[in-house]
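Participant: The residues making up each chain are set out below.
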Amino acid sequence: MIIDATNVEDGSSYSCDICVIGGGAAGITLARELRGTSFKVMVLEAGGLAPSAESQAFYKAQDRGVMYFPLDVARLRYLGGTTGHWGGACLPLDPIDFEKREAVPNSGWPLTREQLDPFYERAQLICGVGPFNYDPAFWSESDNGNRPLLPLDASVVRSAVFQNSKPLRFGEFYRDDLEQATNVEVLINAAVLEMQVRASGERLDAVVARTPNGRTVAVRAKCFVLATGGIENARQLLLADRVHKAGIGNAHDLVGRYFMDHIYVPVGRLLLNGDQNMRLYQMGKVNGTRLRAGLSLSAEQLAAEQLLNGWVGIYKSGEYHSQDARGSWNYLLKSAKSLEMPDDLLRHISASVDYFAERGERWIRRRLGWEEPVPPNLFNLNAHTEQAPNPDSRVYLGKKLDDNGQRRLVMDWRLTEQDHRSIRRTVEIISKQFGAAGLGRVQIGFSDDDTVWLDPDRAAKIDTPVGSFHHLGTTRMHDSPRQGVVDRNLKVHEMSNLYVTGSSVFTSGGFANPTLTLVALTCRLADHLKTTLV
Amino acid sequence: MRSVSRRFFLRVGGVLCALTGASIPFSLRAAPRLSGSSNKATPTELVPLGARYLRDYPDELATCEALQRHVATCDHRLLEGIVRDDFRRGDTVRLDGWVLARTEVRVAAAFYLNNVHPGGLQ
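Chain order of the listed sequences is W and B.
Heads up, the final residue of the first sequence is numbered 534 in my numbering, and it's a clean run with no missing numbers.
Heads up, the final residue of the second sequence is numbered 122 in my numbering, and it's a clean run with no missing numbers.
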């Protein structure tokens, strides 16, 4: 059942077995996984059924450090959460991403990829993608040889396949499931204002939520799960400072630290020798599954070169546009279809104009003969790379307050020399492999934009955000409370009944888009709760 | 800033073109033509690449001069094998961002030298 909290009586009180705070990909997954159990489950979602300017305003934050996207744009505060921005890309983290890597300080999950595999399999269905098979050879062979693998030296470079969902907006797609679940109640427009920790400090007794029309609702539960997103999870823990003065789970000053995103930057272009079939490396459908492959370095090569993991996508010229511009155009289209007035109309129109101007500019230049047609064997290369877990890269509470009187966040995104070097070396190594295989040549940094990221001095002064809206690491998982906020079961170390799920628990980020992994982790948490809360 | 210049371009670009008849060279023309394929370069096309190499790496002049007499007759397959080995060993050069094998740019430089000094420098 979905209940609008603005319609409930002020001061209402609920009690349940499991209270899920947050109705995004993680919160909805957990609620669905707990359907049909004997547990009474309540989900508190701060926003409504659709994004609104008023709701988004709560996500505004200050920006320090490396320029980052405005946080009220990079996240969505409504049922379904930031899946509203999701491009649909799914890929499990690599086994190496879970390992403690000598060359990557603070790496090493308390889980292995093998342990997470059964949950990845479940997550595939939830995220709306194909079979749990990411072997590029499988997909290459599945299309009768029409999508051959690039014949590169596999001991150095490997192909890595992303599967893509429609993409799936969790709030819309799973709304009926939530409506029909007899043991699940979803309270929308219920923003958590206070987490009431017992005086002894080890237990959360209740949360108090506030509606946009000023009413309060209290929820008592045996167990609470924080699922408000990669950044907001940290904020909620930090805001709860009544008993734990530094915030819940923050005895060792870890909450909000280790913020990571995936760095997504153009790095160069590839000129192939001739008619090499590149279909596997372009978005396409194989047996009903949309997918595309890119190139990554082998685990051995990463270890030998002491590099972070990364993926280089091979895009037809003109295929790549900024997320913001393309997203704005899609948003305007969607608003027009539903006959709704879009929020922030001017910004979206401006971004859409940019999107079409870019395409138009290219068309006009070609028509006028100012620019040679782009040959079919020329491709753009974009890197999508892991960021090193870095305690200095963080979010923390600032002094400014939101409309509920809660402190807003400050984003202080920091990148390291290893982050820059990894991008640079990955592209260099791939370039040499293309030459060694006689396939073609790579031009690294053919435009000024590219070279910014290949030159550490200039990278420190970039004025364009280059993340991926993938907010990772702020409540990291580790067996030791000195190195992690949550344990391997996602329970906050110093609490007996508070769990955190979502991309904030990632110990390191790999290069894979995080939705599939956070959904898998949430499935695993659901199983854990089913067996421990009886 | 980027979007402003783009809109500006859209408004005035066509007018400027009509007035000046100007053309903007596209950097693809500078892309290296590759060996062993439909992209195979002609010696003339390799000349600018060779010039660029010798400008950036003047110490290579003597080596490239030594190659001058052999480039016209060298076995293309053999050359391609050497180029691939260069890439495998990581013996590469960056010219205008292009990651190229040492041997292929030396050959380009030899073509350049043949072009400007057909009989060799001495």
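Just to be clear, a hint being listed does not mean it is correct.
To be verified - In silico negatives: residues of chain W with every beta carbon more than 12 Å from chain B:
1) Gly48
2) Asp153
3) Lys222
4) Leu271
5) Pro391
6) Arg414
7) Arg421
8) Lys432
9) Arg441
10) Gln443
Unchecked claim - Now the stretches of chain B that chain W is said to cover, found in silico as 3 or more residues with beta-carbon under 8 Å:
11) 73–79
12) 89–96
13) 99–113
Since the hints were made in silico from the structure, they are not lab data.
Glycine included, C-beta positions come from ideal geometry on N, C-alpha and C.
Participant: Decide, hint by hint, whether the structure agrees.
Facilitator: Results of checking the hints against the structure:
| no. | hint | in the structure |
| --- | --- | --- |
| 1 | Gly48 | holds (31 Å) |
| 2 | Asp153 | violated (8 Å) |
| 3 | Lys222 | holds (52 Å) |
| 4 | Leu271 | violated (6 Å) |
| 5 | Pro391 | holds (34 Å) |
| 6 | Arg414 | holds (25 Å) |
| 7 | Arg421 | holds (16 Å) |
| 8 | Lys432 | violated (5 Å) |
| 9 | Arg441 | violated (6 Å) |
| 10 | Gln443 | violated (4 Å) |
| 11 | 73–79 | violated (count 0) |
| 12 | 89–96 | holds (count 4) |
| 13 | 99–113 | holds (count 3) |
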